[in-house]
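Going down the list, the protein sequences come from chains G and H. Using the numbering used here, read the first sequence as starting at 1 and increasing by one per residue. Using the numbering used here, read the second sequence as starting at 1001 and increasing by one per residue.
DSS-like mimics (lysine-lysine), calculated; alpha carbons at most 27 angstroms apart, straight line:
#1 G:Lys247 to G:Lys234
#2 G:Lys247 to G:Lys155
#3 G:Lys36 to H:Lys1214
#4 G:Lys155 to G:Lys140
#5 G:Lys153 to H:Lys1214
#6 G:Lys234 to H:Lys1155
Between beta-carbon pairs, the in silico distance windows are:
#7 G:Glu235 to H:Ala1052: 48 to 56 angstroms
#8 G:Ser116 to H:Gln1119: 21 to 29 angstroms
#9 G:Pro90 to H:Glu1152: 46 to 54 angstroms
Stretches of chain G that chain H covers, calculated by requiring three or more beta carbons in the stretch to come under 8 angstroms of a beta carbon on chain H:
#10 110-122
#11 153-161
#12 193-206
#13 225-232
Worth flagging that the hints you see were computed from the coordinates, not collected in a lab. Yeah, the Cβ is synthetic: ideal placement off N, Cα and C, and Gly gets one too.
Number of protein chains: 2
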Amino acid sequence: MTVTIVGTGALAKNLFRAIENSNGAIVQGVLGRNAKSLIDFKSTNTSTDFSAPIRSDIVLLAVSDPALKEVYLQLKSNNSIFAHCAGSVPLSVFENTNNTGVFYPLQTFNNKSTVSLSQVPIGIESDDEYTFEQLEKLAKGISSLVIPLPSEKRKQLHLAAVFANNFSNHLFSIAQEICLNNGLSVDLLAPLIEQTSKNVCSFTASEIQSGPAKRNDQKRIQEHLQLLNDPSHKEIYQLLSDAIQKKYANEL
Amino acid sequence: MTVTIVGTGALAKNLFRAIENSNGAIVQGVLGRNAKSLIDFKSTNTSTDFSAPIRSDIVLLAVSDPALKEVYLQLKSNNSIFAHCAGSVPLSVFENTNNTGVFYPLQTFNNKSTVSLSQVPIGIESDDEYTFEQLEKLAKGISSLVIPLPSEKRKQLHLAAVFANNFSNHLFSIAQEICLNNGLSVDLLAPLIEQTSKNVCSFTASEIQSGPAKRNDQKRIQEHLQLLNDPSHKEIYQLLSDAIQKKYANEL
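Could you build the full structure based on these sequences and the hints that come with them?
The following block contains the structure:
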C-alpha cells in the first residue's frame, strides 16, 4: 500500500514517521508548497508540484482546515483514495464521496518532537466501503486502536481534545509562569503534572478532584486571588473555582 | 530517626508508606481522631489519644489546614520537632518557632492509590537550624529532590499547583464528560492527556500551545461554543480561548 502525504507541518511529519515504521505501507512521496519545509522528508520523494498526477493508493491531506478543500480540488489522481486528518472538518468537505474519507489520529503534535502513534486512537470515516477498508488497513498498520468515527462524533471528540490538551496546556503555562516569577524552577511541577495525568487516566477526573474550590475553602481562594497579579490569571482562577464549587457542592 | 504521623487522610497514608520505605526513618505511630480510619495503618501503633505524650523525633502534622493550630496546641511532647505539610499555611502558625518547621511534598494525593515520593520535591522550612537539618534528613531519605522553601515561596508554589493539578483536572473532567455524553469511551483521551503532560515537562507549555484559539480560528471557536450545552463549559471555553488568543496574538 502506497501513500502520498500532502503537507509539511507537525502532523505531516508524525504521519510520515508512523507510516515509515508501519506494517504494509510505504510513503511514496510528500507534497508541500514550500521547498524548504520539505527538507525534513528527504528520505522519500518530495515535490512542490501540486498539478502532477498522483499514483499512490492513498493520499493523506495533512494541511490546515481552511486549505483542505482547495488543495483537494487542485490535486490530480485517477484512482487514489483521498483522506483528510482533521478533527472538526466534516467528510462532506469533499463533496464527491467516492474514494474520499477521514483518517483522524487523536493526538497532539508539535514540530519539536515525534510521537509514537502505536497506541493513539485513529478514527476512520467513509461513505464508501472499499475506501473505509483501505483507510482502516493503513491505520491498523500504525496503531492498535482504530475505530469508526462519523463526522458528528469526531467533532465532539475534537472538542473534548481542546479541553484536554489546548486548555489544560494553558493552565500549565500559567503554573510555570507563577514559578518563574517567583524564582522557582518549573521542573518542580513535573512530578505533579505527570501524576495528574496518570490519575485522570486511571480514575475518572471527577472522582479525584481536589483543592480549595472542591472543599469550598473560601479563605484560601481569596488568598490565592490576592497573590495573582495578572488579571487574566485572576479571572481564570475565579471562573474555574466557581465551576468546581458548583459541581461538587452536594458532596460537602 | 522516629516519626509520628498525625492524621489519617490521603496525605497521611502516602507519608506513612514513603517513610516505611525510606532510609533511616521509621514510623513510631499514627494518631487520628477516628478509630476506623486508623485501620489502614495497622502495621504500626495507632491511637486516638491526642493527650498522650509523644516521644518521636519528628511529628508530622498531616491534618487539614484549619485544624492545624488546634491539633498542634493539643499535642504534648518534650523534645519532638513538629512540622506541618501544608502548601499555604505559614510557618508562623506555630507561634513558637522552636522545634517547629514545614515539610511540604509537592504532589497530589488521593485515597485510591499510593504515589512514590522518590522524585517528588519536598520543601523544607524552619527558623531553627537543628530542626531544618532534621527535617531535611527525613526528606532526603524519601526523595532525591529536597529544597529549602520559605513560606512566601511555598504559597506561590501551591498556587501554581492549583492551576497545574486542580484546575487542569477539572478540564479533563469536562473532556471526559463530553466523551461520555456522545457515546465515546473516555479511554480514547488517555494517550492525548499523557502526551500533553509529557510535552509540558519536556518543553515550556507556552512554546507548544496549539488549537483553534492559538491560531485565532474564529469559525472553529464559534462552532465549538455551539456544540457545548452546559453553560459552565461554554463560559470556560470562552474565557480560556480569549486568554490564549490574547497571549499569542503577536505570534500570528
